[in-house]
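**Student:** Generate the whole structure from the sequences, applying the supplied hints.
Going down the list, the sequences are from chains B and H. Residue 85 in the numbering used here sits at position 85 of the first sequence, with consecutive numbering throughout. Heads up: take any position in the second sequence, counting from 1, add 10000, and you land on the numbering used here.
A hint or two may mislead.
[As the list claims (entries may be wrong)] In silico lysine-lysine, DSBU-like type, Cα no more than 35 Å apart, as pairs:
hint	chain 1	residue 1	chain 2	residue 2
1	H	K10187	B	K802
2	B	K735	H	K10246
3	H	K10301	B	K735
4	H	K10301	B	K1017
5	B	K735	H	K10370
6	H	K10499	B	K913
7	H	K10200	B	K1017
8	H	K10499	B	K1017
9	B	K735	B	K751
[Unchecked claim] Anything over 10 Å on all C-beta distances counts as not near chain B; from chain H, calculated:
hint	residue
10	D10030
11	W10089
12	Q10092
13	S10131
14	N10169
15	E10179
16	K10246
17	F10253
18	P10268
19	L10298
20	E10333
21	G10481
Please keep in mind that the hints were generated in silico from the structure rather than gathered at the bench. Just so you know, even glycine gets a beta-carbon here, dropped at the ideal spot from N, CA and C.
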Amino acid sequence: MKKMQSTYSNVKEAVRKGSLFFLLSSLFFISVTAYGQAVITGTVYEDFGGAKEPMMGVNIAVVNSQNRTLTGTITDMDGNYSIKMPQGNDLTLVFSFIGMSAQRFPYKGQKVQNVTMSEDSQQLKEVVVATERVTRSELGVSAKTFTGASQSIKMDDVMESLPVSSVEEALQGQLAGVDILAGGDPGAKGNIRIRGTATLNGSADPLIVINGVPYNTDIADDFDFSTANTEDFADMLSLNPNDIEDIQVLKDAASTALYGTKGANGVLLITTKKGLRGKPKFTFSNKTTVKVEPDPIPMLSGNEYTAYMQDAIWNTANARGLQNAGDLIDMLYSSKSYAIGYQPDWSYFDEYNTNTDWLDGIRKNAVTTDNNFSMSGGGEKATYRFSLGYMNEDGTTKGYGMQRLTSTLNVGYNFSDRLNVSAEFTYSDTKNDQAYLKSEKVRSEAMRKMPNKSPYYIDDATGQPTDIYFTYQDENEFQGAFDGSSHFHPIAMVNDSYNNTNTKEEKITIRPRYRILMDENNAPVLTLEGYISMKFKTVKTRQYLPQEATGVDINSTYSNLSYDGYSNNFLLQSETKLLFNKTWLDGMHNVVAAAIWRTQQSSGSTYATQIYGAATEGMSDPVNGGTIYSSSLNSGTSESRTLSAIGNLNYTFDKWLTLNATWNYEGTSALATDNRWGLFQSYGGALNLQDIEAIHEKTEKWLSQAKIRFSWGQSGQAPTGTSPYVGTYAALSDKYGTVTPVVPNAMQLSKLKWQTAEEWDIGADLAFWNNRIKMTFDYYDKTTKDLLQKGVTVSNISSFSKIAWTNSGEMENKGWEYRIDYEIFKNKNWRVAVDFNINRNENEILELPSNLSQDSYSFKNGQYAQKLLAGTPVGSFFGYHSLGVYQNIEDTYAHDADGNVMRDLEGRPIVMKNGTFTCYPGDAKYQDVNYDGKIDENDIVYIGNSNPVVTGGAGVNVKWKDLSLTMRFHYRLGQKIINQTRMDMEAMYNTDNQSTAVLRRWRSEGDVTDIPRALYKYGMNYLGSDRFVEDCSYIRLQTISLNYRLPKKWCEKIHSTGISVFVTGYDLFTWTDYQGQDPEVTLPSAVTDIAKDQSSTPRSRRFAAGVTVNF
Amino acid sequence: MKATKYILASTLGLLLLGGTTSCSDYLEVDPENSQIADDYWQTEQDVENVVFGGYYYLRSMVEDELIPWGEVRAGMIYNAKSNTRLQTWQMQATNTSLCDWSTLYKIINIANTVLERADEACQNDATYTESERNSHYTEAYFLRAISYFYLVRNWRDVPLVTTAFADDNVVINVPKTSEDTIITQIKSDILAALETGAAKESFETTWETKGRATKWALYALMADVCLWSEDYENCIKYCDALLNAKVAGAPAFLSSPSRSSYFSMFNPGNSNESIFELQWNYQENQTNNLPIYFDDQLEGKLYQVSGEACTDFVSEYLAIIGEASEDGTNLPESPRTYHSAFYPAGTSGMSMGMSTGYCWKYVGSTTEDKKRTSTYYDPNFIIYRVADIILMEAEAYLLVDGMEPTAAHKLEAVKLINKIRERANLHDNIGADMTEEDMLDEVEIYSQQELLEAVLNERKLEFLGEGKIWYDFLRMGRSNGNRYKQDFLVEQVVKYNEKASESWLRSVLTSDNALFLPIMSTEIERNPNLVQNPYYN
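**Tutor:** Structure (structure tokens):
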């Protein structure tokens, strides 16, 4: 039985690779003697329910004992053929035609061979076999004997019940230990973190491996599209989820070891679909999604804003003393007060006395369509799969959208049983449209924009807005002139400016595989395989900022600014792999070993130019003239190379005990000779208790699996960039006399070395009652040493202000993961299944890197302190403890530690001070931690942390006949965030428009409120305090989807093999106390930055409907 | 079949084999956009280019560092556009632009690099002789010495770095070293340079002779350092070495009391009197802002001459012109006042009681009313010229005997002072028209302090705008254990500096520590071994 299993899985492997031929050949074991140059002729017929008809186009091949084709021909119109037999022993004639089962005839010198072909009855069975195959790693290690922590999902299962449009979407909340935050803009990159963040400066993104080939996402490390945001694109975007067969996540160091150091942050293994032998199959699917944005924060109307501003200015004038407040009085009553006073004579009076909802002017509901087509099939020798997808996603912020075309072609060809070559071609073309500024900038501008200002000129005659933008935006304007990122016309910005990026990516992978040795069951013992993969990626960025969006002077460098940037990257990867797999003594001992040699070479070049003063939008290409903005000229090249030698040994004893060891010896061009090579080892073991004979007998009825795993492994991370360690000199642009000076430019970094991590993982996989309940639990502890620090500032004594990289600091991530799948009920018509996962990750800085300052804080409104201390997690907030508002004079008196009012020498009560500002009723009240009567740096306390306590997801799937209902939940609990948006909307400090919350502001004694009085550029009423730190825990109904598979009978009427339709709702309900628009806030890209909600486009509610048709 | 097998097997074999032998080569990727340090030192020109980096950086400091540091604290010239904390004596470690020493350390690193690696080029380039290499060494020593000299004069105790920061094995976080040690280092650098015997007396072109470190520049710097460190005998020795040089082309005092001769030092520059001056050349697109900063009629005007300094110039002018000014014809020459070193603001001309003026040295095209046009905005910045050496020697003679100079030394000093005054066309000099013997008696009337003050007065008028006067106040004030601090430092600053209140100046100047700059705050943050200078912590 055991032996059968092994063979069976090999067979399935073979079937998957499309080489059914191999299976058949093993059934015919015939010895043939050699004959001379003979010719064989015959006729091929097709069987039509007993009637025979000649069949044209049938393939006839003469193959040798290894199934390698020596010669061949095809039948003519009458089904006749003739073929000259080559020299050789053991020759076989093979007759094949797509959709027909192949026929084989050993050549024994016969002159004539007639054949009758019939339909392939095995075809359906094969498909079933293929989808239920045992997952095996690239090394031929089955999931069962795998010692590491991993989890996989089948994309078809996901797509069937939950139509998603990106890989991130598919994975969110699905996988234990994988934390994903997705943005709201089309094409916005999500954060993917596997088991937390274990680096301070290097990339924290996991490695993506597609069909065994690492998918390198680097453009050029040292390239800085100063305004472009190429990094914002989802790395996996160019991959169509419909083309994916399954995704496996490798979490612990031991399982990622095989992928070398690039897998230090975890690995996502993606396997794409391949062609299967059989009749051509066509699939067409369409999905249409409507996005509806959640309600925004209600803002003041024009009239309310005017009243509020006047209140604020007046309060400040009073606070400063009227004799010192001439400028403020001017703002209210003189001709300077055009925008906020009442000046009907002013020419723009109409334009400044409206009620404008600016946010409404840049938002919309959006529609996304996603169409996919695929065809696949294959014959005796070759299989193919082709797919084409086109997605058009519209953003809920106007001017933002994305179009993506993807196409893939997979072909496989069996030269013989031993030699197989397959090739993959993929091409994707992604256009990402944005306004010149990022959506959060545009949105925050729309929110802060004075609502009494009209977006359009108002016709003096009719009093109605015209269609000409009112762009009055110079320094005399009430809110000030454009400064590069704020003070612009948001509607003109989204409508007329653009920042369009076009990413084209072509990839070709060729992979030969040769089986050197086979055992008696024709299972490969020694295999040599490898691949060569080439990827070419180009990114073209075009930006245009029309003058009417900013109102700047025509000579400004922002006036009709036009930017053109281009980057390309070529990636060449190769792998040579020798695999050994042998079983001895009836399965008692199994050894799987591999020796792998990998090379990777990435090179790129970039260029960028920018002009201003372009004539018109149509003439905005920089070649058309305008003034070149010299500081934007940029070009560069980059190159990096990696080599690695990996050895892997996997030993299984009697099916239940597996030991594993991996050694990775890796070298990188980013490190100097002495530290270039690193050896990373990992070891693991797995115990399949259910397979131990004694246990198996007792527990057979209820225990399906009881596997205990442990592993320990190292992984490394190298710095990025083109040989960043190399010391360089650079020529200066100016001369001294007639000589161009050359000066040291970068320091040689001889000490720079690998960042290394060591990780323990202990896990268990349990399954009961024939896999009805499955559970996985993991505990891990990962310590990262010699953290890579990028761009470290050093003392000027060195003559360099920065050093490209250093190693410093130590960090720990530990946590646990748990997942359960429970099939509650199942019968012929019904199936009810639920799953749930929960994860906890704790991060701690063990040793603070020497370049990071422990504190960075300046006593200012809106500032939070950053404290990085050894022994604390990254992501902590420090600030003041808010106590609301001083309600009256008595309330403002300072109190000592005993609660008594503090008095000065003359016995008068001491009034609290916020910094240098004496507090008055209506001012913000903070806790005076040190009882000195003054709020300053010394009163800062810990007020929260942006790391969630637990994250995870859950799912419910109910099936009744062909109808299935799926719900998925995603949750993150216990994390806090600075609601920067709300802070900006309630600060009442400058000319920004505010939310309607400020209508509750303190105005006079007796007002019971938590919102301080309005002050114009005065006071300390919005210090970084816990007032704006909010718990953004949430549970979200991420998707709810109803899927119906049409009855077979109906389908057959239109010659379809299956039709399914679905309706899905995304992000329909969110349970949260968070006051911002969306609690799912993407984390800052620099790990050490403080997490803030900065009004980026919130995730919308989405409704989708779609259909999938198979032929 | 077999062929395929062989191809695959040999590919694998090659990869594995190749791996062991050429892996390191494969992983050696050279960045394309910059010159790799280890491959750099090939030819003589390579060395020269790096040496020039030192001059380039020193030149880059003139506008924003050398002039403010040397002038605005004293107050004879002040920044009229923004009242910087440097001139109000309220410096803080966070005023990064005015207490940033990074460029000086860049020069030091360049010098260290040349000293460590120039020999590599010597090995690689057969035409690059050892004496040429030594000549480059002397320039490197000079650059390192002058950088440290600026550092000690502005910060007193600073980190001492004498190895190049070639790679990260070199310790970056160097602590401070005492002023004495730095001075010793400076002197040993200059001596080392002179010992090579390769210091040039002149280069092929004039601009190089004046714009690069010659033997004369080394002498001048040594004299200056010795004067600063109260090593007066050596100061006199090196001053003499320079002043008595009989070599053709050696710097020589332009003694003619004529305005045009005097002004030729500043335009066209590179005069015979010059010893070392930083070069600009409009023909090579090298211009500076000095003609703008010192021109009161331009929007970008920055540096103004204070009222008291104006008075000094007007006094000298009137002393020379005297009654002659009444008729206005055949005026005697006044080489260093009106439209020469100095010109009055507005159109009022030179008159007593005027309170603002500007330094004409960088603005003028001639001694007449003509200014440089924007094409010719390339005035050089003189660091040493012979007049400076003459006054250094005078000062040294007055101090070499301690508190009480001998009559002979007083006489030497007076003769030197007179040289300067005579060129300025001043005639009421000590012992004017006397025999040497009579002069010897005459000088006895004057105390050390009076004669030092005479030296200082000449320095004030001679070097206006040349970034020196503050160091003169400081040096003279500190000499003889602060003996003259009150007169030559405190009272001078109080007199000239009109940008800070007198009471504040008197209070801040009592602290000897406040006379030096704070270390920039970011430097303290990045280098844990660095302690903020006293007074600022």
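**Student:** Assess, step by step, whether the Cα of K735/B is no farther than 35 Å from the Cα of K10370/H, and give holds or violated.
**Tutor:** Roughly 28 Å between the alpha carbons, so the hint for K735/B and K10370/H holds.
**Student:** Does the no-contact call for S10131/H survive, Cβ to all of chain B over 10 Å?
**Tutor:** 20 Å, holds
**Student:** Any Cβ of chain B at or closer than 10 Å to L10298/H, or is the non-interface label fine?
**Tutor:** Fine: 21 Å to the nearest Cβ keeps L10298/H off the interface.
**Student:** Are all C-beta atoms of chain B more than 10 Å from that of F10253/H?
**Tutor:** At about 25 Å from chain B, F10253/H clears the 10 Å cut-off, so the statement holds.
**Student:** Keeping to a limit of 35 Å between CA atoms, is the pair of K10499/H and K1017/B held or broken?
**Tutor:** This hinted pair holds, its Cα atoms lying about 30 Å apart.
**Student:** K10499/H and K913/B: Cα distance at most 35 Å?
**Tutor:** 33 Å, holds
**Student:** Does K10246/H clear chain B by more than 10 Å, comparing its Cβ with all Cβ atoms of that chain?
**Tutor:** 28 Å, holds
**Student:** For D10030/H, is the shortest beta carbon distance to chain B beyond 10 Å?
**Tutor:** The assertion about D10030/H is violated, with a minimum of 7 Å to chain B.
**Student:** Test the statement that Q10092/H is away from the interface with chain B: the closest C-beta pair must be farther apart than 10 Å.
**Tutor:** Holds, since 14 Å exceeds 10 Å.
**Student:** Confirm or reject the statement that E10333/H sits farther than 10 Å, beta carbon to beta carbon, from all of chain B.
**Tutor:** 33 Å, holds
**Student:** N10169/H: least C-beta distance to chain B exceeds 10 Å?
**Tutor:** 6 Å, violated
**Student:** Would you check the hint for K10200/H and K1017/B, treating anything up to 35 Å between C-alpha atoms as holding?
**Tutor:** Measuring from Cα to Cα gives roughly 63 Å; hence the hint is violated.
In terms of the numbered hints stated before, the structure departs from hints 7, 10, 14, listed from lowest to highest.
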